[in-house]
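Enquirer: As given, the protein sequences belong to chains Z and F, one line each in that order. Just so you know, the working numbering puts 64 at position 64 of the first sequence, and the rest follows in order with no gaps. Just so you know, the working numbering puts 397 at position 310 of the second sequence, and the rest follows in order with no gaps.
Be careful, since some hints might not be right.
In silico SDA-like pairs for lysine to any residue, Cα to Cα no more than 25 Å straight-line [said to hold, decoys possible]:
1) F:Lys140 <-> F:Phe200
2) F:Lys338 <-> Z:Arg61
3) F:Lys338 <-> Z:Thr22
4) F:Lys217 <-> F:Ala252
5) F:Lys376 <-> F:Phe91
6) F:Lys376 <-> F:Arg416
7) F:Lys140 <-> F:Pro118
8) F:Lys338 <-> Z:Ala31
9) F:Lys355 <-> F:Ser201
10) F:Lys217 <-> F:Ser250
11) F:Lys338 <-> Z:Ser57
12) F:Lys217 <-> F:Ala228
13) F:Lys217 <-> F:Arg416
14) F:Lys338 <-> Z:Pro5
15) F:Lys338 <-> Z:Glu42
16) F:Lys338 <-> Z:Glu67
17) F:Lys338 <-> Z:Pro7
18) F:Lys152 <-> Z:Thr72
19) F:Lys338 <-> Z:Glu44
20) F:Lys152 <-> Z:Leu27
21) F:Lys338 <-> Z:Ala51
22) F:Lys152 <-> F:Arg270
23) F:Lys140 <-> F:Lys338
Derived contacts from chain F toward chain Z, CB cut-off under 10 Å, selection only [unchecked claim]:
24) Gly333
25) Ile341
26) Trp423
27) Ala483
Think of the hints as simulated: they come from the structure by calculation, not from any bench. The beta-carbon is built from N, C-alpha and C at its ideal position, and this holds for glycine as well.
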Amino acid sequence: MMLIPCPHCGPRAQLEFTYERTLDAILPLDATPEDAARILYERENPRGVSAELWRHSFGCRAWLRLERHTVTHDISSAIPWPSVGEA
Amino acid sequence: MKRFSAWNLLRAGLEGQKRWPRDWRDAEPKPHYDVVIIGGGGHGLATAYYLAKTHGVRSVAVLEKAWIGGGNTGRNTTIVRSNYRQPQLQRLLEYSLKTWETLSDELNYNLMFSQRGALTLGHSDADMVKLAEKGDSLRCAGIDARLMTREQVARLVPLLDMSPAARFPVFGGMMQDRGGTARHDAVAWGYARAADALGVDVIQNCEVTGFDIQGGRAVGVRTSRGAIGAGRIGLCVAGNSGVVAGLAGLKLPIETHLLQAFVSEPVKPMIDTVIMSQSMHCYISQSDKGEIVLGGDPDLYPSYSQRGAPHRIEEVAAQAIGLVPALSRLRMLRGWAGATDMSFDGSPIIGPTPIEGLYLNGGWCYGGFKATPGSGRLFAHQLATGETHEIAAPFALDRFARGATIDEAGVGPQPQAR
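Let's have the full structure, built from the sequences with the hints guiding it.
Expert: Right under this line is the structure:
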């Protein structure tokens, strides 16, 4: 099980978190149908470092942006999402 | 290939089992093949076999990066059934199940295919309504299904917790009598042996590292053992479809997630059918060796690690013990995880890709093993003729953009939500 460093709560067990989607799969509301199909359905699916959107669902409930390795599960960065100035 | 027969087995026994030949050659890669199949799991080997057997295409290579059957073919819970809800999946899996029924004879290899029945339990009135509806739809499609009362289920599986205090009360069930299990490794070995006898080169320890693409057409692969030219190339690498397709610059509607399974220490026969549940993800069966085989939900985040998270073991064990309390006395022997291609509608992808000459067979989610023979036949048809078989047509890669998804679980484009 992963230990995920929540930017608000500190390191917490992965069971408190839910994986939402990869960061490149966030659909802007004004996307064209072609872009929407591409964003919803096409994935890099990397065997390596992946940028993902997670939520601390059973904790502070905040969204966070994880950079996580999909083989070793090493987490290289966990920051609030959207970060200040975005969205 | 030396055929297995009662006489040959007896004679080999008298001779001390010393004169059996190799089941398949250790083939060296040739510079060019009519068809190159990437991935030496059940699906890839089955595809090679049917290419040679049904379509007469003998210049075929199966490239496997490690050893055959070492990926998800050797990591599943060996369950075979065709009782799905969507008509496209019913056709595909019934086509496969019919092939399973005669496969041991056809391959001259004992796949230990055992039609011991696949029972789906209902735990509420709502479950029973869903099961009745599913059963009706199956019977309309000509697939066997039998709705069972609580009493019938209790007679069939006496070890189920039928007490008033049961954690998961059993209201009844739906049975597919023709469902069951098969020996998963034997499927890879049987297909490899039969394909090899027809001239297919099964090449192990040969990892594909890139594609040769000329003018938008894939004309060969680069591998750890040199470049190999190909008329057509088939991808059968479920779990790693995204990675291998990525070598050709493709992005697929697939995320790779972990699916775990566990076996207990072997015990005497106690469960002689496959037990599943309409409300939970818990699969219970007993192997011929006596181990109780358990499987459950995926780990719900993308991973290629092939190592599962321990909380899933606890959850599956809790569900299994809730259903069959006697299992609480068993010790777990092994647990493992497979990296599975989770497609965004829960259904496989079979057919052409945007790159000419490159074809995809992947996205099998939880259900790849049971589909092995059918998938092999359909993909062989695709690779031999260039045309998509009518049963495989709904599973085209472009169905997502067209909005023609086959959403068995009805949850849309979030693989972890199903």
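Enquirer: Does each hint hold? Answer for all of them.
Expert: Checked hints:
1. F:Lys140 <-> F:Phe200: OK: F:Lys140 and F:Phe200 at ~21 Å, within 25 Å.
2. F:Lys338 <-> Z:Arg61: violated (31 Å)
3. F:Lys338 <-> Z:Thr22: holds (14 Å)
4. F:Lys217 <-> F:Ala252: Between F:Lys217 and F:Ala252 the Cα gap is close to 24 Å, so the pair holds against 25 Å.
5. F:Lys376 <-> F:Phe91: The hint holds at about 22 Å.
6. F:Lys376 <-> F:Arg416: holds (18 Å)
7. F:Lys140 <-> F:Pro118: holds (23 Å)
8. F:Lys338 <-> Z:Ala31: Status holds; Cα separation ~19 Å.
9. F:Lys355 <-> F:Ser201: With Cα atoms ~17 Å apart, F:Lys355 and F:Ser201 stay inside 25 Å; holds.
10. F:Lys217 <-> F:Ser250: holds (24 Å)
11. F:Lys338 <-> Z:Ser57: Outside the cut-off at roughly 30 Å; violated.
12. F:Lys217 <-> F:Ala228: holds (17 Å)
13. F:Lys217 <-> F:Arg416: With Cα atoms ~33 Å apart, F:Lys217 and F:Arg416 exceed 25 Å; violated.
14. F:Lys338 <-> Z:Pro5: violated (30 Å)
15. F:Lys338 <-> Z:Glu42: Satisfied, since the Cα-Cα distance of roughly 5 Å is no more than 25 Å.
16. F:Lys338 <-> Z:Glu67: holds (20 Å)
17. F:Lys338 <-> Z:Pro7: violated (32 Å)
18. F:Lys152 <-> Z:Thr72: holds (20 Å)
19. F:Lys338 <-> Z:Glu44: Holds, at about 6 Å.
20. F:Lys152 <-> Z:Leu27: violated (36 Å)
21. F:Lys338 <-> Z:Ala51: OK: F:Lys338 and Z:Ala51 at ~16 Å, within 25 Å.
22. F:Lys152 <-> F:Arg270: holds (22 Å)
23. F:Lys140 <-> F:Lys338: At roughly 33 Å apart (the allowed maximum being 25 Å), F:Lys338 and F:Lys140 break the hint.
24. Gly333: holds (7 Å)
25. Ile341: Holds - the Cβ of F:Ile341 comes within 10 Å of chain Z, reaching about 6 Å at its closest.
26. Trp423: violated (16 Å)
27. Ala483: Since the shortest Cβ distance to chain Z is 13 Å, the answer is violated.
Hints 2, 11, 13, 14, 17, 20, 23, 26 and 27 from the earlier list are contradicted by this structure; the remaining hints agree with it.
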